[in-house]
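Chemist: All chains should be modelled from the sequences, with the hints used to inform the complete structure.
Okay, here's what each chain looks like letter by letter:
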Amino acid sequence: MDFLRNLPFFSIMLAMFTGIISSAVNGRTARRLTLTMVTAVLVMSALTLSYTEQIGESVTYLMGHFPAPWGNEIRFGTLEAFLALYFSIIMLLSVLGGWSHVITDIEAGKENLFYVLIDMMMSSLLAMIYTNDLFTGYVFVEINTIAACGMIMIRQNGHGIVAAIRYMVMSLIGSGLFLIGISLLYDVTGHLLMVPAHNAIEQIVTDGIYYTPLLVIIVLISVGMAIKSGLYPFHSWIPETYGYATPTASAILSSLVSKGYIILLIKIFYRVIGFNIVISSHVLNALFAFGVIAMIMGSLHAIMQTDCRKMIAFSSVAQIGYIYMGIGLGTKAGMVAAVFHLLTHAATKSLLFISAVGLYEVSDGRTDYLGLRNAAYRNRVAGIAFSVGALSMVGFPMLSGFISKYLFATAALEKPHKMLITLVALIISTVLNAIYFLRQVVTIYSGRPGEAASTSHFIKEAIAESTFSNRFASIALILLNLFLGLFSEAVIDLISRGLNLFA
Amino acid sequence: MMQGILIIPVLFPIIAGIAMIIIKPKAKVYSPWFIEGIVLLNSILVWTIMLTGMGRGDGAVLFKLTYDLSIYFRLDGAGMVFTGLVSFLWPLATLYAFEYMEHGEHIRSFFSLYTMTYGVTLGIAMAGNLVTLYMFYEMLTLVTFPLVLHDRTREARRASRMYLYYSIGGAACAFMGLVFVLVYGSTTDFTLGGVFGGGAQGVDHNILLAMYVLAFFGFGVKAAIVPVQKWLPAASVAPTPVTALLHAVAVVKSGAFAIIRLTYYSYGADFLRDTWAHYLTAAFVMITILYGSTMAVKEIHFKKRLAYSTISNVSYILLGVVMMSPAGLVAAFTHLVFHAFMKICSFFSAGAVMHRADRNYVYELDGLGYKMPITFACYTASGLALMGMPPFAGFISKWNIVQAALSEGGILGTCAIVILLYSALMTAIYMLSVTVRAFFPAKDTVLTANDGVSDPGWKMLVPLVIFVIVFTVMGIYAKPLIQFLEEIC
Amino acid sequence: MMNNNATLLIPIILPILCGILTGMFGKLRLRARYKGIAIAGMLAAEAVIVILALRIGRVFVVGSINSDIRILFRVDALSRLFGALVAFVWFLTGIYACEYLKKDRHFDSFFAFYLMTEGLIVALSVAGNMITFYMFFEMMTMLSFPMVMHDRTHEAIRAGLKYMFYSVAGALMSLVAIFMLTPYGYLGDFKAGGILDIEALTGHEQVLLVSALLMIVGLGTKAGMFPMHAWLPTAHPEAPAPASAVLSGVITKTGVIGIIRGVFYCIGPRLLAGTWVQHVWIILSLITVLMGSMMAYREPMFKKRLAYSTVSQVSYMMFGLSVMNSVAFTGAVSHIVFHSLIKTTLFLVAGAVIHQTGHTRVDELKAIGKEMPVSMICYTIVSLGLIGIPPLSGFVSKWYLASGALMSGTTPYSWLGPVILLVSALLTAGYLLPVTIRGFFPGVNYGVGTPNRAEPDAIMYLPMIVMAVMTLILGIYPGFITATIQLIAEGIF
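Protein chains in written order, with my numbering: chain V, 1 to 503; chain Y, 1001 to 1489; chain U, 2001 to 2493.
Just so you know, the hints here were simulated from the structure itself, not pulled from any lab data.
Yeah, the Cβ is synthetic: ideal placement off N, Cα and C, and Gly gets one too.
All clues stand as given, with none of them false.
As a list, the in silico DSS-like pairs of lysine-lysine whose alpha-carbon atoms are at most 25 Å apart:
| id | chain 1 | residue 1 | chain 2 | residue 2 |
| --- | --- | --- | --- | --- |
| 1 | V | Lys415 | V | Lys332 |
| 2 | U | Lys2102 | Y | Lys1443 |
| 3 | Y | Lys1443 | Y | Lys1371 |
| 4 | U | Lys2162 | Y | Lys1298 |
| 5 | Y | Lys1371 | Y | Lys1459 |
| 6 | U | Lys2035 | U | Lys2103 |
| 7 | U | Lys2103 | Y | Lys1371 |
| 8 | Y | Lys1064 | V | Lys332 |
| 9 | U | Lys2102 | U | Lys2035 |
| 10 | Y | Lys1298 | Y | Lys1230 |
| 11 | Y | Lys1443 | U | Lys2162 |
| 12 | U | Lys2103 | Y | Lys1443 |
Sample of chain U residues lacking proximity to chain Y, with all beta carbon distances greater than 10 Å (derived):
| id | residue |
| --- | --- |
| 13 | Leu2009 |
| 14 | Ile2013 |
| 15 | Ala2200 |
| 16 | Arg2270 |
| 17 | His2279 |
| 18 | Pro2434 |
Modeler: Right, here's the structure in full:
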């Protein structure tokens, strides 16, 4: 089945190509194209996954005719394939979930542009997952940034544009730092392909030269990616961005975009620099510290919000903190926990944004805390979906968030120095999460006594507005969450094996 | 071994409850007999399992969350005590709730959640390892807090939020204790004597003890220990069947039961004895007893007074637990069982008064004893029993606690005895002052306000009387129970 | 050995049952007269049954609750004596009460508790071990305090609650003793001289001593011993006269009986004699004797004065017990009997005075003797008895007390005790006799015409006469009582 080796390349190309075509067709066709493309990518990734599982090692795929170390390469193993599969699922469900809003939020005539952006984003995500070359990575990072910016801005209202500009500025700073880091790396190692670069670095370390530059490289790359993924204190762009974009965009941005950068960062840590070297540079400790701070500050900010969208956005800040905390632990178990949480968060955040939209729809478009009273009775599916998402965030057993918490806790036990901080942070974070999420859940299920009856007059209209696709997406995401919660062993195993092959 | 049958009593009420919410019956509300039937059926099933010995065995695995974390049920001696207690009380409480809720709103969701709570509590009782216990513990929070929220008034919302936050915080702390047992102990399965037998390798004992204390207070949230007890008096705003069953029996007893499991069956009493963790937890337990008893005397809201009494009494159970000895465990179980009956009787009497006469405050109860004689007679009996007057059951459980305290000796033992007796005196005051008001109203009180009040219907009275009979009989004829408990421990 | 004699249960259950029936069916509109007759009849029957059923040596084991707690009844000489006393006093006071409360709204509730309390006191006098005693002691507290609250005024309710509070606190103190000493055999069947396992106790003497003191002070609450005496003067004025009568007359004695059982039948005098516990006990009792008399002397309210008198007198008994020899013991126990009769009479008189004239203060009682001669003559007789003037019964008990003290060898109390007793006797005269004197000799300033005869009904003064006569007879022929007690004492020492 060597043919399957081509699939990752195909998926990237397909995504780009669809984007190009979509720019020429109208909105509906563009949408259909996108959906088809994503489904196709999904299937292709599934096939790739089974292929890599079969052969049990990672495959390096030459792009073009130039072999390493001059040409370009794609590399994929179990983890990459799985991530591609997972992200395509989330992408699909996000598009489905926010579909009706795309129509209302975007100017007629510009809808296809939105789908172009989604296609671009898909391709850049896949590329970041699969690439084995640093510069290619950078290129697609930039493509990703532009696509994301476009998605934020497409709503063309005041908030959206301000948010987009803010995002652009921060993100480009991040990319800039990343670029400088890569340049230095090229300078020091003379390679852009990851594996040769790694060999060169190992040589450098044993020789004992270029110590400071190496440190600077690591710092620059880490900070660059941290800014782009929204680690505290570089998170200020998140609330506005996620808050005011159209639902599909919010879902994709919070679930996928930041994750792509994190995956790239992990890849560089493992494959280029070498995890041991990273540990010895103590950069991980800084990431750990910021991760913990993010966990707490993100939640604290969320408690203070009255607008539901911003609340969910700040929650993302906290969750990114979890991931960085896991990375910062510096152990294999910590990384597994971080990657698992990456998956959890992707699923849960999409779920939250999509179901929240379902609730706003039936509350006359209001998104503030009080306006959503009794919303759950008007849109049952959205209510249940939101509750499940909230409970998963809090870490309720049987849901994916619990497994994340569990993995983080057990990983922390291996590191006595960081253990206490981690555990305390987890506990405080759980309580804080409970405070704002469950407060919201209570609100959507209860108004003043007897209020439910009085809102019945616009219930019928409201329910009609909430669309089938939204509900379908919500339910699918709930099932995904439950799957991760109940059948996590398979996934954890996969991640573990994948990480082994990653390096 | 056909152990799968253990799963049924847990899942059946949960599923039934969910079905009740989803499926709208024709008559808008489910027939009370249907609901009662479900609960009763489940109880009969449970008792059959226990009595025919089907319960003994290796347990039934429901599913596995990960390799290490499996959800499984097993009915050992301790589990049987709690299971038996819960399943005996639930049908009676449901019966009581019918009359109480006759005129309330949201009846369908109320009974649906009430039934689900039954299943969840049984899940806690029959949990075979710490993970299962934890999971059902979290679920208990989830199904009970809407019950607290039931009236949807502002106090109800505040109270339910407080309950929720405290519970989740507590569960998070308990979770950390769980993780430690998992990693450093041999298993999370409940084994009498603990799973740290070989002395935990690779970690400082002090850290393990700190985690124990964390988990103790984490589970202790539900058991209302100082300093995490504030939610219980606030939750008194819930309808009486909720406060009575849940906060006198299911929720607080689950908290106490979880601590028992944590102490004797996970960490192990010998591991914990005479450590700083032992003394710290014992100190807080004793502070709670003092706090609960004293606040109860000061409190003038009837149900809140009983809530403080619960705080104090659940810490009697914990006092037995912190003796870290088999005798202590026997004492803890004894009081767990007896107190459930006594307290539920008190709460139900209070509820009957509130329901029939609409009086919430102690000073409003003058002279009601003549209008509601059976109710207040039952209340008085429960008051005397709680106080520890022989021949009621309360005396026996206090006796056992004291005996356990004495064999421990030292400052711990002496303090325990003094505190228990102080609490008994306070109990006499706060319980009996109500009785005195009810039956001996001062000469000049206007009693016409009491016209039209009468004893509640049979659905409320029958459970009350049954409870009185039980705790009276148990006071006299406690031997079989005590023997059973001693065997377990 | 275990000849379970169920007849023992009859004198216990009968009054309780009648009490419950009275409480439940009292609402039936029977003429008070019929109710009164029924109650009087029952009380008389009870008295007879007590004498018949409480044969020495009879045992009834109810059962064991757990390995330490066994509930059983056993009759010995002390049980028989006290049981008979209770039945007798209850009968006489009961008749009085039927008349006194004839028009009272809460007639039924009073008698319900009255009868139930009697049953419980009989139960605790035949209690065979400390835990049985404790159980019925507590129950008796619960069922007797409603009698204090009978009038339903705010003060009465508060007084009743104070009584209950103190009693429960005291009972709980004795419960500590039970808890601490159970391992040493404290809960075994009563045996004269003590039943504790002495070997097991070596090394734990302080535990024993502290527990003993707690038990003494705890049960002493009921007996009104300092420092737990405060409930007595509050409760007595508020309670109706028959209730005060039995409260002072009998119920306070249950505390003394408890202490006798605890000290002499469980712990044993040998273990306590000469210890600091004994010293403390003696001091507390003497303080109470003196303090009670002094407060009585100064008290203007009639019933409160008698209440303080009780405080003082019961501590005579405590003193006699604390000295721990057989003579003083005899004095103490005989004083139980004699003081019961005397104090009951005093309260009945006080009640009669209030009932007939409404006067509650002593200074209002001028010329009372002319208005109620029969009552006042009875009053005078028993007062003299209380002061200790021969040939009345009080003299006998005081004699024994004093001689017991003198020969006890517990310096300095052996002479200090009798001195205080003497002083107290003088004060007793000072607080009791002025009523008589001013009653019969109101003085020239008393300018009222012929005072009306306000003698109460014969039903009310007959009991007084009976008890006054008994005081006289027992003073002249105390042998019956003292012999019995001396037998008891011999068993102990």
